[in-house]
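Given the coordinates of chain A, work out where chains B and C should sit on it, guided by the hints.
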Amino acid sequence: MTDIPSSHDATGLIKRPKRWHIGVFLLPAFIVYSAVMILPLIETLRLSLFNTVDGQSTFVGLGNFKVLFGDERWSEDFWNALKNNVIFFIIHMLVQNPIGVALAAMLSIQKLRFAAFYRTAIFLPTLLSFVIVGFIWKLILSPIWGVSPYLMDLVGLKSFFSPWLGKPNSALIAVSLISVWQYVGIPMMLIYAALLNIPEEVIEAAECDGVTGWSQFWKIKLPLILPAIGIISILTFVGNFNAFDLVYTVQGALAGPDGATDILGTLLYRTFFGFQLQLGDRSMGATIATVMFLIILAGVSLYLFVIQRRIRRYQF
Amino acid sequence: MTRNAIKGLLLATSILGTAGLAQAQDVTLTIESWRNDDLSIWQEKIIPAFEAKNPGIKVVFSPTAPTEYNAALNAKLDAGSAGDLITCRPFDASLELFNKGHLASLNDLPGMENFSDVAKSAWTTDDGATSFCVPMASVIHGFIYNKDAFDQLGIAVPATEAEFFAALDKIKADGNFIPLAMGTKDLWEAATMGYQNIGPTYWKGEEGRKALIKGEQKLTDEGWVEPYRVLAKWKDYLGDGFEAQTYPDSQNLFTLGRAAIYPAGSWEIGLFNTQAQFKMGAFPPPVKNAGDTCYISDHNDIGVGLNAKSANSEAAKKLLTFIASPEFADIYANSLPGFFSLNSTAVKMADPLAQEFVSWREKCQPSIRSTYQILSRGTPNLENETWTESANVINGTDTPEVAGEKLQKGLDSWYKPAK
Amino acid sequence: MSKARHSLTRTGLVHLALIGYAVISIFPVFLTLINSMKDRNAIFRNPMQVPTFETFDLVGYTTVLGQGDFATYFQNSFIVTVVSIALVLLFGAMAAFALSEYRFRGNMLMGLYLAIGIMIPIRLGTVAILQGMVATGLVNTLTALVLVYTAQGIPLAVFILSEFMRTVSDDLKNAGRIDGLSEYSIFFRLVLPLVRPAMATVAVFTMIPIWNDLWFPLILAPSEATKTVTLGSQIFIGQFVTNWNAVLAALSLAILPVLVLYFIFSRQLIRGITSGAVK
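Chains as they are written, first to last, in the UniProt record's numbering: chain A, 1 to 316; chain B, 1 to 419; chain C, 1 to 279.
Hints listed in this document are in silico derivations from the structure and should not be mistaken for laboratory results.
Don't take each hint at face value.
[As the list claims (entries may be wrong)] Taking lysine to any residue and the SDA-like style, the derived pairs with C-alpha atoms no more than 20 Å apart in a straight line are:
#, chain 1, residue 1, chain 2, residue 2
1, B, Lys235, A, Asp258
2, A, Lys138, B, Ser413
3, B, Lys120, B, Lys279
4, A, Lys138, C, Val23
5, A, Lys111, C, Thr136
6, B, Lys318, B, Val27
7, A, Lys66, B, Ser413
8, B, Lys406, A, Lys66
9, B, Lys53, B, Ile331
10, B, Lys279, B, Pro352
11, B, Lys406, A, Ser75
12, B, Lys45, B, Ala276
13, B, Lys309, B, Ile331
14, A, Lys18, C, Arg177
15, B, Lys309, C, Thr136
16, B, Lys409, A, Glu72
17, A, Lys167, B, Asp240
18, B, Lys58, B, Asp78
19, A, Lys111, C, Gly12
20, B, Lys147, B, Asp330
21, A, Lys167, B, Lys235
22, A, Lys18, C, Val23
23, B, Lys58, B, Ala311
24, A, Lys83, A, Phe237
25, B, Lys218, B, Gln408
26, B, Lys416, A, Asp258
27, B, Lys416, A, Asp71
28, B, Lys120, B, Glu206
29, A, Lys111, C, Thr11
30, B, Lys416, A, Val53
31, B, Lys348, B, Arg377
32, A, Lys167, B, Lys233
33, B, Lys309, C, Gln131
34, B, Lys288, B, Pro352
35, B, Lys100, A, Val53
36, A, Lys138, C, Gly12
Chain A with its partners taken away, still in its complex shape (with noise of 0.2 Å):
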């Protein structure tokens, strides 16, 4: 799997002075694309750029940026975002990838009865808005209600159970989890689909040298959908850092108790629209968009440029 199939040349040797098709196939999208995502995106990231002094919008350079990360009450806040975000994305590749790729591992045993049911169930939580998740899980979690507290009576652990939500070394921890438990259907659904894509040829071969169970799903396979792997954790990267409504409908705004689930999406939606009396400053929460950006970027570019390689290198 090199960058590109040699037999691409092919095209390139059929010389054609005009291909309109590439345009008519690239124009749809592009154009949706530009006018209704691009610039507004630009003209907010344009805004990262001014800010209102005496009443007048003006070009203040990275003036903004400066605030941001040199004045003591923005840069706390932007550190404690960044934090809470970043144990955010390590508990989804900790606890989220994994599950996703054991449960798609064993859904994909060949002949397994109930495949398809078990799949929609541990699909289902992905299709739910995050109103409804937001809800059931307070109430679960709702020391009022009684719900879990009653469950883990029934395993004896009813004195482990603390108000998780309300607690501020906890908050974020179970925040995550609930995330993970709305979102492990992806990472099954692009792992089980790589792995049904293995070729049989590779397993019999594997399975002739006796490579069986787990030494082949270890040895054989793993290797086999590691790019779905990679995709799966660029995709929660880009997730987990753009962020924002389980930690709004679980939270609220403000991302209680004491800004322990305060991410990068949260301070963002405060900042740019305001919230309560606070009221929406558009310059700082550009700015605030534009330093995600740039993180995302980053992760991205290093996926890309040195992850994705090196996997395809190891390859083949």
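Quick look at chains B and C alone, frame taken from chain A:
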């Protein structure tokens, strides 16, 4: 086949989309609001009363969930797609909308004379020259209690701080009821029902609030830290797991009869009346020593303004005049007991609990919430910080003194009192 | 130990693990459904109990259905979701084909350009988007939502589909060219059927955020005639926040259509995935 289906669906969307515009013969006014609780009252009582007198004007009440209201409204105002009438948050948030030119001046609106300067103060420029929203209602803080529980335990209504805690101890010792129904999960509950409820007693209402604005007092002063100290003591009387207890949880705990005292805003009355199966009473925030002046938070909470870009401003003004009328005040205050009319014409209220709340206006000194005027114009926002710190104090994350210091530090970073 | 017995225990353990996780996944939804059919006191006293003869109560559903026009909301959500997915798939696949099939100047650049959208939440452009919709008179139409969701879905669709299209055999396409097929027929008749599994994947991933979005319906199309289910139920929750009968009923009603949509697509999705495996 797919392509035809797409075409068909696209056609369907454009038809559905334009259907809303087709019936534009009458003038239709849209009211933006965060009061989705009031939807049925507007639809069933207020709008019919207005439309009956003003043929040719249709009114649509279009509420957004309170948490999204400010963000959604600002976006719509900036883009010019907001409704004709805008429900106004009190003080700085609406003032900002006026300064940006989103709200029109209502100085000449017939009906504004029905309101005192105090009533208008929440929606008037700092120099007092221009008013931009018609005041609708204020809310009063206090405590609602389960009368049956009090009778059963032989508790008298507490008037002082000592009596209050004695009552809580007694309820706790009995064990049948959670003494106080309040949680810290939603943060604002701790700040609004806790700090702003009992606070005026300690900072002496308007006196302390104005001194804070002038810079003569600081949030680290005794008057501002002491309510936090009292609040910290509440912790022992809240339900198990109060850290994760939400506002609806608290409401349900109380209305299901599992809690004895509910630190309240008067707006709860309507809901509690329909849900609680027991008798309820109310008492104002307890004073420190018997005989002290009592202070209550009587906060201008809700008004209505005119979108400066409204295409139907004449019709909208008619509706605003109606909202300013005693007739509206009567419908509103009686349909929503606990939202007290700001109209100078006294409204007769039928609800006994609402009467109890409003009677405190005569014996106590009213004040507005300390963080709403002027002090929440900058970043960090004092109101939002107060939410976080109030929850922190009750949770034991911060001591009362630390909370005061943090708030003052945040305020100092942008606020310079006018000398 | 015989090999057969060994694999039997293994299958047993696998089923146990899968059942365990499936229960965790379904439990909250199950809890919502059973409690939506109980009276208020029973919801609190015994949240874990299925409705019995005494506690069975549909008051929540009657409140919900008596309040908002949920049928219209469903219809709106359905139209917006289906049209957006169709456009995302069509436009996304076309662009992905151009990027993966042809070498031309700016290919790399165009690929990066289209990928940027994965990285920034479109929500940030809200104000400018709204201004654009106001200027074109699209506020409070479903078209506005369709446009936004199409734009939002295209980057991921191009990203995933172009990865898959690179794996389509070149011999096949070149054979088609030799047979005199136009580039358009090669795309529509040869390539598209082959990337069906990827299309199903994209459809599911595009569908979820669209169906569940609260923000753009709130800003772009909040009118009664264009409200979506998610917006409708959010407003409802706000209004009846302590009326848990009604809230749980509204949530249950909001879950059902997603399930139906998923079942429609999931057959495609699974068939697509397996057919891809057979290839």
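Taking the hints in turn, this is what the structure says about them:
1. B:Lys235 to A:Asp258: OK: Lys235 of chain B and Asp258 of chain A at ~17 Å, within 20 Å.
2. A:Lys138 to B:Ser413: violated, 36 Å
3. B:Lys120 to B:Lys279: violated, 35 Å
4. A:Lys138 to C:Val23: Given pair Lys138 of chain A, Val23 of chain C holds - Cα atoms ~18 Å apart, limit 20 Å.
5. A:Lys111 to C:Thr136: At roughly 55 Å apart (the allowed maximum being 20 Å), Thr136 of chain C and Lys111 of chain A break the hint.
6. B:Lys318 to B:Val27: holds, 12 Å
7. A:Lys66 to B:Ser413: With Cα atoms ~16 Å apart, Lys66 of chain A and Ser413 of chain B stay inside 20 Å; holds.
8. B:Lys406 to A:Lys66: Violated, because 23 Å separates the two Cα atoms, which is more than 20 Å.
9. B:Lys53 to B:Ile331: With a Cα-Cα distance of about 15 Å, the restraint between Lys53 of chain B and Ile331 of chain B holds, given a limit of 20 Å.
10. B:Lys279 to B:Pro352: holds, 11 Å
11. B:Lys406 to A:Ser75: Distance of about 16 Å is within 20 Å: holds.
12. B:Lys45 to B:Ala276: Roughly 24 Å between the alpha carbons, so the hint for Lys45 of chain B and Ala276 of chain B is violated.
13. B:Lys309 to B:Ile331: violated, 29 Å
14. A:Lys18 to C:Arg177: holds, 17 Å
15. B:Lys309 to C:Thr136: With a Cα-Cα distance of about 18 Å, the restraint between Lys309 of chain B and Thr136 of chain C holds, given a limit of 20 Å.
16. B:Lys409 to A:Glu72: holds, 11 Å
17. A:Lys167 to B:Asp240: holds, 13 Å
18. B:Lys58 to B:Asp78: Given that 20 Å is the threshold and the Cα spacing comes to 25 Å, the pair is violated.
19. A:Lys111 to C:Gly12: holds, 13 Å
20. B:Lys147 to B:Asp330: violated, 28 Å
21. A:Lys167 to B:Lys235: The given pair, whose Cα atoms are some 14 Å apart, holds under the 20 Å limit.
22. A:Lys18 to C:Val23: violated, 58 Å
23. B:Lys58 to B:Ala311: With a Cα-Cα distance of about 14 Å, the restraint between Lys58 of chain B and Ala311 of chain B holds, given a limit of 20 Å.
24. A:Lys83 to A:Phe237: Roughly 14 Å between the alpha carbons, so the hint for Lys83 of chain A and Phe237 of chain A holds.
25. B:Lys218 to B:Gln408: holds, 7 Å
26. B:Lys416 to A:Asp258: Roughly 26 Å separates the two Cα atoms, so the pair is violated.
27. B:Lys416 to A:Asp71: Answer holds: Lys416 of chain B to Asp71 of chain A is near 17 Å, not above 20 Å.
28. B:Lys120 to B:Glu206: The hint holds at about 16 Å.
29. A:Lys111 to C:Thr11: Given pair Lys111 of chain A, Thr11 of chain C holds - Cα atoms ~10 Å apart, limit 20 Å.
30. B:Lys416 to A:Val53: holds, 18 Å
31. B:Lys348 to B:Arg377: violated, 37 Å
32. A:Lys167 to B:Lys233: Within the cut-off at roughly 18 Å; holds.
33. B:Lys309 to C:Gln131: Holds - the C-alpha atoms of Gln131 of chain C and Lys309 of chain B are around 14 Å apart, at most 20 Å.
34. B:Lys288 to B:Pro352: violated, 27 Å
35. B:Lys100 to A:Val53: holds, 14 Å
36. A:Lys138 to C:Gly12: violated, 34 Å
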